[in-house]
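2 protein chains.
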Amino acid sequence: MKIALAQINPTIGDFKHNTEKMMAYIERAKGLSCDLVVFSELVISGYPPRDLLEREDFVTANLETLRKLVDSVKGIGVICGFVDRNPRREGKPLHNSVVLFEEGKVLHQAHKRLLPAYDVFDETRYFEPGTEYTAFFYKGCTIGLSICEDICNDKDIFSRRLYSVDPLARMVENGADLIINIAASPFHAGKREFKRDMLGNISKKYKVTLVYVNQVGGNDGVLFDGISMAFDSRGIMTAQASDFEEEIIVFDTERESRDIRPISETDTDSILKALVIGTRDYVQKCGFSKVAVGLSGGVDSALTASIAVRAVGKENVTGVFMPSQYTSRESFEDTLKLAGNLGINLIQVPITGIFKKFLQELSPVFEGIATEVTGQNIQARIRGVILMAISNKLGCLLLSTGNKSELSVGYCTLYGDMSGGLAVISDVPKTMVYRLAHLVNKEKEIIPRRSIEKPPSAELKPGQFDQDDLPPYEILDPILKAYIEDNKGFREIVAMGFDRSTVKEVIRRVDRNEYKRRQAPPGLKVTTKSFGCGRRYPIAQRFLAVLQ
Amino acid sequence: MKIALAQINPTIGDFKHNTEKMMAYIERAKGLSCDLVVFSELVISGYPPRDLLEREDFVTANLETLRKLVDSVKGIGVICGFVDRNPRREGKPLHNSVVLFEEGKVLHQAHKRLLPAYDVFDETRYFEPGTEYTAFFYKGCTIGLSICEDICNDKDIFSRRLYSVDPLARMVENGADLIINIAASPFHAGKREFKRDMLGNISKKYKVTLVYVNQVGGNDGVLFDGISMAFDSRGIMTAQASDFEEEIIVFDTERESRDIRPISETDTDSILKALVIGTRDYVQKCGFSKVAVGLSGGVDSALTASIAVRAVGKENVTGVFMPSQYTSRESFEDTLKLAGNLGINLIQVPITGIFKKFLQELSPVFEGIATEVTGQNIQARIRGVILMAISNKLGCLLLSTGNKSELSVGYCTLYGDMSGGLAVISDVPKTMVYRLAHLVNKEKEIIPRRSIEKPPSAELKPGQFDQDDLPPYEILDPILKAYIEDNKGFREIVAMGFDRSTVKEVIRRVDRNEYKRRQAPPGLKVTTKSFGCGRRYPIAQRFLAVLQ
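Protein chains in written order, with my numbering: chain A, 3 to 550; chain B, 3 to 550.
Treat the hints with caution; some may be incorrect.
In this list, chains with the same sequence are indistinguishable; a pair is considered to hold if it fits within one copy or across any two.
Below, in silico cross-link-like pairs of lysine-lysine (DSS-like), each with a Cα-Cα straight-line distance of 27 Å or less [stated by the list, open to error]:
#, residue 1, residue 2
1, 358, 395
2, 446, 456
3, 506, 70
4, 463, 395
5, 506, 18
6, 531, 157
7, 209, 197
8, 444, 316
9, 506, 395
10, 518, 209
11, 107, 18
12, 197, 4
13, 209, 483
14, 483, 506
15, 456, 531
16, 518, 531
Bear in mind the hints are in silico, worked out from the structure with no lab data behind them.
Between the sequences and the hints, there should be enough to build the whole structure, so can you do that?
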């Protein structure tokens, strides 16, 4: 059987757009003489639809769309994901389902059995799990149909198994020799290697052919890298699609073949690609074509602008430089150079006069705050007002430029530099910001070298440097990773070799600034734990008292 | 058996504070010659701890706290909720548990069987469900221990049952004659009547005595009203605690008794109480004592300030009036009057000069924007900057003043009037704002009558009124309720009798403004569906196309 693996980029709720795209890929699969074309999880609606699933009209529209698709496709079998209703009067009202149809008939259907409820996932909120593990005969193969998490409970791979049943093992017991898995598996750096090894090991262990089709693109902050794969029954990868690109690849169960497309080589490469695709998709799926970025002369805003140019094109990016009395000449020069290198439009709006006016009006209330934190925040917020005015007036989406290290410890101003529709690098630690900046400059200098090499500064008071307020980023970033990504506690982090008082201060700052992050724009997830819907912390809590 | 129902207000993660409070209530129960004292769900840690549950150190601290409590209490039995580890290597790592201990020994333990995953709940994210339904003999009763949702799956009450098992029925089959339910059941207006009827019906149907103990207080935006209750085996309520107050009430299984404390009479009464308690708890649990409120002369900010005064005391509330060239004399007079009536400090900071300066600096970029939406947003954001400066400098938490109707349709400015640490009335529809304002004025005029009676206006351009941009609130609010709380679609809402184009425009505005709400401060939940963690909508989605 010749199988097309079609990884496409659906838009949440845009049933017309999604099925038109599917139809185009079905035609391509037919042109490649395929017997079967496989699409990803919930491809009809896009993944994740979140609480749209609680709307009857949404579920109905998804079912009607599938019905039309079943009726209109001829000459090829199609496997795809959709939302089904649970016909029973007990349990959650929906199923996360997969269907195989051909010539107007549904030949087989299965419901997702293992429903993830960790990190960004909320599937137990909507779906009742499937409880069947049948395999069925189709065009010479005995197929076991599964959805994403269904194949992620192997006892030889997971030391802590989240579920008591292994659907894959059950389908193999029932005779499956071809496992098809449709997925919407969110990206984070380092995950693809784990996934490839897991899929290879499973297919080898059970001596089954395995086809895995993953969604591509960004939906809000959650990104999908595609890299659909096929493995023969010896566990050898015989087909692999590109990362972060819509694509169709072909795999023949009858013939030895090899179609391995290149993917990003390093984590840094894949993160850059993820950020570009994530930015493009967020901007365009929200109905915008243009973006604005505040430029400070520093590396964070320079990297954000470089990503923006790759995402939506230089003609659609406006840089905004907003100098104050504390802005250095170097920052101005580097901003001009960056804008020139990127070929983007640059607007300049000084904030000194506005800042003075604020200080004047506030002086009856309190005096001498220019360089205090209050005064620094006012400067950052004036910039926020200007950026939002430009965004309003020019109809462009504002990208915020803060990195994960800053956001973690609250070294940023709510309604100031945190303003924007999308926080492009808010899941990128500062040490990775530097690696990405070097990668952007790989072929020629885009980001001025001085922006990368100078000591980072917010330039909100004279002689201010990040390192006066924060530990060096090479120390801060691993502490943050241990605390935020790995959920380690104070004592464990100290045991890793870090200074007690540094760890205590970092933890306190992370906890104390939860309120800022709650009001941050959505950010693009590239690590195992990003702020946003995958990390759900209370604000009014006192657990930090346990540091003593 | 004489049972004390102890409803207390724990702080998330403050194990020391929570157990000190428990110890005080245990002593009170002993003073009342009780045999047993019952506390609410997860009372040791406070509910909901959310992703703190993913931290080993948090779970350990909670277990150590329970251990100390078990060791130290003498002379009375104690039932309370805590987080336990799941000893099995499969399934979620934790249990939501209830324990009965006495004289240093744990006599019985049960795990919550039904784990809610709807609205604000995320229990399947952390907990493995219990699968046992035993009843056990203790001091003359055969007790069935249950936790909150465990008793919410009766087939005669719920037409759509979310779970396939009814733990209550199973415990009764196993001989239970006393059902004890410990809960953390979030408040919304109208829920208490449903809950009281359900509990009464269950106890009558199974001829069991029923004791229900609910948490009190606010944790972030989720509020708990207490109203712990006891029912005899005829389904008659024999004890009821107050709403929104820490309290202990006593119920004797052996003696006819009646101890019914008064609770708020109307929905409006209970919402006002909820908002006051919610504000107080958020402010104080976040470590603040003082708050600031921007006052406009309108009813929303007047109501918010009135709530603030009840929550934290007039000496801790600062009002801020920020007039522009579009501010009316009436608004100024009404603000002075309100501040006088409330007895709060009033700061005045004009924005006209700052606004002019912004327009001047932005004029090279674009001209003549003073009264356009861009210019209106700049005014709102200048006020945001001033309010945050005052919050920074004076160390007070800023309360935002927007209502649910505005927030739903985006009739508000992100980083402007939406700024703050807590959005006090963001789940209160405008029509309810008026009812609450009248309630505040019940005994004497606090909110100036003109603030309530004048047509609402943002005063961001000459002659601007809400009703120029929005349908009348008596039309808008029911459409919003149908769409947001009841998940009705376009056609269903039109079928309720509303104008097609009005409904279409309202739905479009709700959808289009998801990005603003994502960056809103936490709000106090008082309806069945508030914005925030209980409503999880994608931003980049195109389902609105289905309105045609």
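Violations among the numbered hints | 10, 13, 15
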